[in-house]
Structure formats: structure tokens, C-alpha cells
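> Spelled out, the chains give:
2 protein chains.
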Amino acid sequence: MGATGQFAGAADGAGLKAAIAPDLARIEQAMQTDLATLTGDMAALLNEVLHYGLFNGGKRIRPLLTVLCYRLCGGSEVKSTVDIYRLAMAFEYLHCATLFHDDVIDQALTRRGRPAVNVAYGETAAILAGDFLHARSMLLVGRGGGIQALEIFCGATTAMVDGEFLQLHNASRYNLAEEDYSAVIMGKTARLIGATCEIGALVAGADTAAQQTLRDYGLQLGCAFQIIDDLLDYLGDEARTGKSVGNDFREGKMTLPLIIAMTRAEEKDRERLLAMLASGDERKDGFVEACTLIARYDGFAVARHKAEAMIDEALAQLYGFDQAAVQQERAVLEALASYVLNRNK
Amino acid sequence: MGATGQFAGAADGAGLKAAIAPDLARIEQAMQTDLATLTGDMAALLNEVLHYGLFNGGKRIRPLLTVLCYRLCGGSEVKSTVDIYRLAMAFEYLHCATLFHDDVIDQALTRRGRPAVNVAYGETAAILAGDFLHARSMLLVGRGGGIQALEIFCGATTAMVDGEFLQLHNASRYNLAEEDYSAVIMGKTARLIGATCEIGALVAGADTAAQQTLRDYGLQLGCAFQIIDDLLDYLGDEARTGKSVGNDFREGKMTLPLIIAMTRAEEKDRERLLAMLASGDERKDGFVEACTLIARYDGFAVARHKAEAMIDEALAQLYGFDQAAVQQERAVLEALASYVLNRNK
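Keeping their order, the protein sequence lines are chains G and R. Heads up: the first sequence begins at 116 in our numbering, then just goes up one per residue. Heads up: the second sequence begins at 116 in our numbering, then just goes up one per residue.
By construction, these hints were calculated from the structure, which means they are not laboratory data. Heads up, a few of these hints could be off.
It does not matter which identical chain is meant; a pair holds if it fits inside one copy or across any two.
[What the hints assert, rightly or not] Below, in silico cross-link-like pairs of lysine to any residue (SDA-like), each with a Cα-Cα straight-line distance of 25 angstroms or less:
# : residue 1 : residue 2
1 : Lys399    : Ala424
2 : Lys194    : Ile262
3 : Lys383    : Ala440
4 : Lys194    : Arg288
5 : Lys368    : Ala235
6 : Lys368    : Leu160
7 : Lys399    : Thr239
8 : Lys368    : Arg258
9 : Lys368    : Asn162
As the structure is a prediction and not an experimental result, all values here were calculated from the model.
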């Protein structure tokens with residue numbers, strides 16, 4: 116999820132952007148304050164790396180979800196002792212820790228249009244700064260949300276690693292089923308987004324049912340987000356996304372459109388896709404041909420339809436929150452769900 | 116700190132080894148049980164990597180210290196709801212997570228005589244498995260020790276990263292002062308060992324004074340351990356340590372013996388050491404000459420003396436624990452301190 120400016124392009128983008136601006140500013144402020152507090156005890160270089168990696172135009176969707184779900188469940192600054200922004204930023208810390216480590220693993224050169232941390236400061240700094248944010252995020256969640264929040268948060272973190280390992284295991288398994296793909300995106304992406312929503316509800320004092328409802332909202336949102344992300348890797352407009360298309364296919368990575376096509380294709384076309392996948396050279400040259408084959412079996416359309424069904428499911432979780440006082444929060448959570456479907460970068 | 120068998124070589128080694136064997140077995144069992152519990156939800160490859168990285172002959176000093184300090188402060192299995200072994204293993208998890216990441220950073224080939232995790236399973240697996248253990252260790256500490264234990268644990272973890280960054284910053288600073296070195300080893304090594312002891316006391320219900328006393332025991336022990344480790348890099352018997360000597364000097368790493376020599380040396384000898392450090396080639400060839408110069412200014416003797424003073428200080432922290440019921444624990448903590456000084460590998 117790119118820069119906040121992107122919301123301006125969504126259906127009711129300008130309204131959404133205005134609605135979330137105050138919360139985003141508070142989240143940003145909480146992070147700046149936290150780093151400033153740490154500075155005294157901390158190596159100057161670590162502080163510099165953290166600033167570089169944390170303040171780079173990230174949209175802060177995860178902490179925003181925590182804050183919104185907190186208020187949706189009746190949490191308010193007036194009556195609470197929880198500093199919800201300070202708790203919420205833990206999700207951005209963990210997310211950034213993951214990005215630092217992922218960029219080392221993928222030997223990525225850039226992140227959001229700038230040299231990635233591993234390039235700007237080296238792999239050692241990227242690994243260690245990720246570890247720092249990891250530990251600090253756990254502490255912030257434990258402090259702000261107690262042991263129950265920590266359980267949810269750590270469960271999501273270990274699920275994330277588990278999802279990455281599943282993905283490792285799935286590499287060059289070209290007969291992947293949709294369930295294998297679902298397990299990976301659930302772990303890699305959706306569990307943390309589910310946890311942001313669940314913990315927001317938890318610290319607001321919501322009952323278990325409401326916590327689970329908002330967790331489900333987050334899980335569906337997260338899965339849909341990842342499916343759309345994988346679709347954009349085939350169908351994105353490079354001028355808008357700023358990323359070249361076809362990377363997943365060239366790397367032989369089995370995402371949903373390809374899995375669907377492989378499952379539905381006639382013998383001949385399936386063999387052709389398999390041959391392309393198995394030969395690294397053909398994978399590199401055959402992207403357009405692969406797209407044609409995937410489209411022939413509605414791989415893109417069916418994948419998009421699945422994402423739409425998930426967003427419907429996410430929206431359905433919000434129905435019960437019908438108190439007049441929280442309709443602004445509900446509208447923003449609905450708009451975020453629509454944004455996931457309609458983003459084009 | 117190598118395999119448990121090494122205790123047999125210490126002064127009263129056989130007795131120490133026998134005394135700690137039951138606790139070590141329980142710690143090992145707790146780790147095995149924890150991984151077995153996780154297996155169902157977890158990628159098989161992740162489980163395999165964790166087993167490989169965790170069960171490799173580590174001495175489990177950190178969890179052992181937690182257990183010993185817990186009992187020293189009156190903690191007992193009979194009257195407590197805390198599973199102290201389950202809490203204690205978190206320290207081994209965190210320690211191993213650090214080793215996985217360090218070995219990626221250093222591109223290490225072996226660890227305790229076997230291919231390092233990054234070699235056996237690749238860098239991706241090593242980074243991710245480290246992240247998994249990191250998150251799980253935080254959860255175990257939060258569960259077993261509550262938020263206060265989590266504060267101590269996360270504080271030690273972020274200090275560890277901070278110490279590594281200080282070390283990065285200090286690379287090729289050949290005018291390092293003893294304080295710079297102390298700050299690095301305090302963060303990198305001692306803080307976590309202090310935390311193991313402090314948390315053991317905390318969960319036993321000890322008062323703040325006792326928690327701080329045992330924290331100080333751990334800090335002194337940890338610093339002395341690191342000084343001896345750095346001394347062995349100059350003076351160790353390769354046949355015993357299984358590691359070649361001279362690595363630190365060849366890498367231009369400023370450890371205590373060299374810092375002391377640089378501070379005390381006459382102009383001519385200081386210039387000579389500086390010239391060797393500044394020229395990569397001379398660093399590689401000049402190890403024996405460097406040892407002679409360091410010895411001329413008592414760099415080794417003074418460093419050892421400092422470690423001895425720290426161990427005296429560590430032992431002094433134990434004086435107050437004079438109840439008859441805990442003399443076995445106290446004796447083991449004393450023997451561990453002596454072992455740190457007398458180890459030769």
C-alpha cells in the first residue's frame with residue numbers, strides 16, 4: 116500500500132483522504148515522539164536508519180485500522196488510559212521490520228522509489244534495525260494492550276514467518292492448489308491486518324464477538340489486498356504502479372490467476388504453461404503468451420471475483436456497528452475496503 | 116559458551132556439571148515440547164530449521180541462570196503457577212535468534228562445528244527463523260512473567276541491537292577508549308544476561324533490591340565473559356577452542372587488550388600498532404608482532420585483571436543470599452562465575 120496521496124484517486128478518494136488525515140498525523144507524531152524519546156540511549160546510526168526506513172511515505176494503513184476499530188468499538192481518548200496511537204504505531208514498526216528483512220532477502224534495490232535500507236545502509240544495518248523494531252513493537256503492544264494483545268500480535272508475527280516458509284516450500288511447485296495460495300497470503304499478509312483490527316477492538320473493551328468480527332474484517336481485507344496486488348503484477352499499468360509487470364511469472368511464482376488457469380486449462384494449454392514455467396528462459400520471454408492463456412481460462416476475472424467476494428464479506432462484518440456515534444469510522448472502514456478493490460497502483 | 120561437556124574442565128567441573136544436569140534436561144525438554152506443540156500449525160521446513168538451529172550442543176547458560184535466580188529468590192515449582200522452564204527457554208530462543216542473524220551478517224560458515232543455519236538452509240531461512248524465535252521469545256516472556264518481565268526483556272533486546280550498531284560505528288576507529296568498548300559489550304552481551312537473572316528474581320516474587328542485585332550479578336558476569344572471549348581471540352589454544360586466533364586483530368576490531376595497549380604505549384609503539392591497523396595487509400601478517408606489543412604494555416594482563424574484578428563484583432552480589440535452603444543454587448552461580456574466568460575454550 117503506497118503513499119497516502121493514492122487515496123485521492125479512489126472512488127470517493129478526496130473525502131476518504133480528508134477523513135483519515137487527522138489520525139494519520141497523530142500516528143506520525145506518535146512515531147516521531149517515540150524515536151525522539153529513544154535517541155538519548157541509542158546509537159546515532161541506528162536512529163538514522165530507523166528514521167530513514169520509517170518515514171518514507173508509507174500509508175500507515177495498519178495503525179490506522181487499529182485506531183478506527185478502537186473507536187468503532189466505543190474507545191475514546193476521553194475515557195481511556197490507553198494511548199491508542201502509541202499502541203497502533205507498533206503495527207507500523209512490525210510492518211517496516213518485515214520490509215527491512217524482506218528487502219535483504221530479495222536483495223531489493225529500491226523501496227517506494229528510494230534506495231532500500233539494505234542499499235542505503237547495508238545489510239547488517241537492515242537486519243539489525245528490523246530486529247530493533249520487532250522487539251520495540253512487541254513491547255508497545257504489551258504495554259498498551261496487555262498480554263492478550265501480545266498473544267494476538269505474536270501469533271500474527273509467527274504466522275507471517277510461517278507464511279513465508281510456506282512460500283519457500285511452494286517455490287517451483289507448479290501444481291499448487293488454491294488452498295496452498297490461500298494459506299500463504301493468510302499468513303504473509305492477512306493475519307497481521309486481522310490482528311490490527313482485533314487489538315483495536317480488544318483495547319476498546321469490546322466483547323469477544325466484536326473482536327472476532329473485526330478480526331474477520333481485517334482478514335478478508337488483507338486477503339483481498341494481496342489478491343489485487345498479485346493481479347496488478349500481471350495487469351498493472353506500469354506508469355501508475357511504478358513497478359514493472361510480470362515479475363511473479365518470470366520468477367515462477369504461482370499466484371492466484373495462474374493457479375486458476377492451470378486448474379481449468381485444457382491439457383494442451385496446461386502443458387504449455389507448465390513447459391514455460393519449467394524453462395527459466397521461456398518464463399522470461401513468454402509473459403504475454405502466459406497472459407493470453409491465463410485470460411483464456413478467466414484466471415484474472417475469477418481472481419478478481421474472489422477478491423470482490425472477500426471485500427463483500429469484509430463489509431458485511433461492519434453491519435452490526437450501527438450506533439450513530441461511530442458512523443464516520445464505519446464509513447472510513449468501508450471506503451478502505453473499496454479502495455483495496457479499486458486501487459490501480 | 117560451548118557444549119555442557121566443557122564444564123568438566125573447570126576447577127570443580129564435575130560437581131558443577133552434575134549439579135546443573137537436571138535443570139538442563141528440563142530446559143531441553145521444555146524446548147522440545149514447545150516445538151512439538153507448534154508443529155501442527157507450522158510449515159514443516161520452518162520446524163526443521165528450528166530444530167537444526169536450536170539443538171546443536173548449546174550450553175543453555177541463559178535459561179539456566181533464570182532458573183537458578185528464580186530458586187535463589189525462593190521460587191519453587193510447588194508453590195508457583197509459573198512454569199519457570201518454559202519462561203527460561205525464551206532466553207535461549209532469543210540468543211539463538213541473534214546467532215542466526217549474526218551468522219547471516221558475518222557470512223559465517225560454521226557454528227559449533229556444524230554448517231551454520233544460513234549455510235545449511237540459506238540466508239532467507241536463517242533470517243526468517245530468527246524472526247520467528249524473536250517473536251516467540253517475547254510471547255513466552257510476556258506469558259510467563261507479565262508486562263514487567265517483557266519490559267526488561269525487550270529493553271535488553273533493543274540494547275543488544277544498539278550495541279551492535281555501536282560496534283558498527285566503532286569499526287576502524289582505532290582511538291577507541293575503554294568506555295566505548297564497555298558500552299558495546301554491555302549492550303551486545305551483558306544486558307541479556309543481566310535480564311535473565313533479573314527476570315528469574317522477578318517471577319520468584321523477589322523485592323526490587325534483590326532483582327537489581329541479581330541483575331548486577333548477570334551484568335558483571337556477562338561483561339567478564341565477553342572480555343575473556345576477546346582475550347581468547349588473542350591467547351586461546353586453537354586445539355582447545357576449535358577457533359583460529361587473531362581474527363579480531365586481522366579484522367581491525369578494537370577489543371580490550373588492544374585498546375589498553377594503544378592507550379599505554381609509547382609514541383613509537385602506538386604509531387606501529389596504528390600503522391598495522393590502518394594497513395589491511397599488515398593486519399593480516401602482523402598478528403605475532405601485535406601480540407608482542409600488546410604484551411609489552413600488559414594489555415592482556417590488565418584486561419584479565421578487569422575481568423577478574425568483575426567476577427569478584429558478581430560474586431559479591433551473591434553474599435546476601437545466605438538462607439540454607441538456597442546454598443546449592445548459590446554455589447552453582449558462584450561456580451559459573453569461576454568457570455567464566457577459567458574456561459580455556
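> If a hint holds in the structure, say so; if it does not, say that too.
Outcome of the hint check:
1. Lys399 - Ala424: neither (32 angstroms within a copy, 64 angstroms between copies)
2. Lys194 - Ile262: Both ways: Lys194 and Ile262 sit 21 angstroms apart in one copy and 23 angstroms across, limit 25 angstroms.
3. Lys383 - Ala440: neither (58 angstroms within a copy, 79 angstroms between copies)
4. Lys194 - Arg288: neither (53 angstroms within a copy, 53 angstroms between copies)
5. Lys368 - Ala235: between (28 angstroms within a copy, 23 angstroms between copies)
6. Lys368 - Leu160: between (36 angstroms within a copy, 18 angstroms between copies)
7. Lys399 - Thr239: between (32 angstroms within a copy, 23 angstroms between copies)
8. Lys368 - Arg258: neither (39 angstroms within a copy, 38 angstroms between copies)
9. Lys368 - Asn162: between (36 angstroms within a copy, 23 angstroms between copies)
Of the numbered hints stated above, those contradicted by the structure are hints 1, 3, 4 and 8, listed in ascending order.
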